[in-house]
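Following this note's numbering from start to finish, the sequence shown increments by one per residue and tops out at 538.
Treat the hints with care, since some could be wrong.
Unchecked claim - Lysine to aspartate or glutamate pairs mimicking EDC-like chemistry, simulated, CA-CA at most 20 Å apart:
#1 Lys318 to Glu507
#2 Lys314 to Asp179
#3 Lys236 to Glu222
#4 Lys314 to Glu507
Said to hold, decoys possible - Quick list of the computed label-pair ranges, beta carbon to beta carbon:
#5 Thr335 to Lys238: 43 to 51 Å
#6 Asn453 to Val20: 42 to 50 Å
#7 Arg152 to Gly172: 40 to 48 Å
#8 Thr290 to Arg152: 20 to 28 Å
#9 Arg151 to Thr181: 34 to 42 Å
Just so you know, the hints here were simulated from the structure itself, not pulled from any lab data.
Glycine included, each C-beta is placed from N, C-alpha and C at the ideal position.
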Amino acid sequence: MANVVLEFKASAGDSEPQNRPALVVGQLTNLQQVTWAQVKGKLQPVITKETWQSALGALNPNPTDSCPLYLSHATVAALPSRVSRHNSPSSAHFLTRLVRTCLPGGTSRCILMVCERAEVFASACAIARAFPLFSRRSVASRRTDKKTVVVEFIVVGHDNGPLDLTTLECLSNAADGVRLAARIVDTPCNEMNTDHFLDEIKAVGNELGITPTIIRGEELKQKGFGGIYGVGKAAEHPPALAVLSHTPEGATQTIAWVGKGIVYDTGGLSIKGKTTMPGMKRDCGGAAAILGAFKATVKQGFKDTLHAIFCLAENAVGPTATRPDDIHTLYSGKTVEINNTDAEGRLVLSDGVVYASKDLAADIILDMATLTGAQGISTGKYHAAVMTNSEEWEAACVRAGRSSGDLAHPLVYCPELHFSEFTSAVADMKNSVADRENAQSSCAGLFIGSHLGFDWPGVWVHVDIASPVHAGERATGFGVAMLLALFGQASEDPMLNLVSPLGNADCQSGDQMERDCKRRRLV
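Starting from the given sequences, assemble the full structure and let the hints guide the process.
Dropping the structure here:
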């Protein structure tokens, strides 16, 4: 998969399945709306109209199903006919699985995606997840030939015209962002330490014509970033705070995305065990998602000021490592007694969100992180956990999750009941809860929010993606699609406007999506 070039085209062109294997995929009701004329160019002459119709008649998705059309060269696959109200109408997770398992092999392949227009964006991102870029398998490293997968959308429903070039460009940039984030998360720390991550940030900045601001090493300590410095000071490669800033003329508000970029998390002196430490290369998933989303959203034209803030560190063990009982002063000026060095993500993010507020004057701050193992218990493997000081933005995150395929579900937001978990006798707070059975993921988010202040007048959103950042041993690029959708109202791109849950025109689009998809959703 690492050498696959993914292309989105208005038309994939005609070709026999023996020369270019094909997968036709969609919900059964959508597949049944497709005319033979729309698909025959990819299937003839070895597949007839009668064979196509017989295959559709044989499909019985429960929740999915597939049927070979001609040997191993062509397949038709059906997504679930209905989904629950907490799932995406696009069935994005099932789509990724079907592409991985049903797309025939070959150096040049074609995917015909059949869906409604409101599901195009989520479907494109789901397809992108099926083609990870990172691999160190020796066979893969010897291959120099590139494989091409062309994706063509057949849009059904009330708005069933072909996709224009602007939309195709949006899908391509979104897919590239998803694959970039997944590649960074899949890459182990010996190849993705803080130096390497900064190189990734600089590369994106160079492509966009933006020079990053970087505060690193001892300078972090001097400027008061006690959270980032304290977490990363024991590592060979020093910690850093890096910022990419998009500042268009005519911007009416300032938005900051803050990403947790722990390139490896041993747990520090509160060290993880041999079964829980493997996989901790993924602890930079929040920062990776923000980098991928920033690249895509700026390319598509973002009308407001947007800062991407990366809090980078390796939580290592060494002579200078932070000890339990140490007290650090964070960028907020508040003191934190360390009672668990494995609760490090909230420390670096607290510095990041305060920098966004104090130095960048952000009106809206969103932090994204693989923050707590408890997130998977709270909202599961597929739904990010969302906490915010705004009821409107809480609902918007859930709707953005459904429209993008990066699902989200709210956490309890109740600082007056939960923040006492961090009470310290000698500092402003501890960094880990007293009672681990009392809303751990909510409390972790509140720790970050407390450094902004619970009376901060702006919008603060916290997104915990610890579980959905990976599926099995592969990264998903989770978070990129959600960010693009959530802030789509500030984009110049019509597709991102369509999937955005915010703004007057965009809310109408979202309501229309709800009406269009209601017949396929369970209560």
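Hint check results:
1. For the proposed pair Lys318 and Glu507, the alpha carbon gap of about 7 Å is at most 20 Å, so the pair holds.
2. Taking the CA atoms of Lys314 and Asp179, the gap is about 17 Å. The hint holds against a cut of 20 Å.
3. For the hint linking Lys236 to Glu222, the alpha-carbon distance of about 31 Å lies beyond 20 Å, and the restraint is violated.
4. Taken as a hint, the Lys314 and Glu507 pair is honoured in the structure, with Cα atoms around 10 Å apart against an allowance of 20 Å.
5. Between Thr335 and Lys238 the CB atoms are about 19 Å apart, so this pair departs from the stated range of 43 to 51 Å.
6. Checking the proposed 42 to 50 Å range against Asn453 and Val20 shows it holds: the Cβ atoms sit about 49 Å from each other.
7. The beta-carbon spacing between Arg152 and Gly172, approximately 41 Å, falls within the hinted interval of 40 to 48 Å.
8. Separation of Thr290 from Arg152 is about 24 Å and conforms to the stated range, judged on CB atoms against 20 to 28 Å.
9. Between Arg151 and Thr181 the Cβ separation comes to about 37 Å, which falls inside the hinted range of 34 to 42 Å.
When held up to the earlier numbered hints, the structure conflicts with 3, 5 and fits the remainder.
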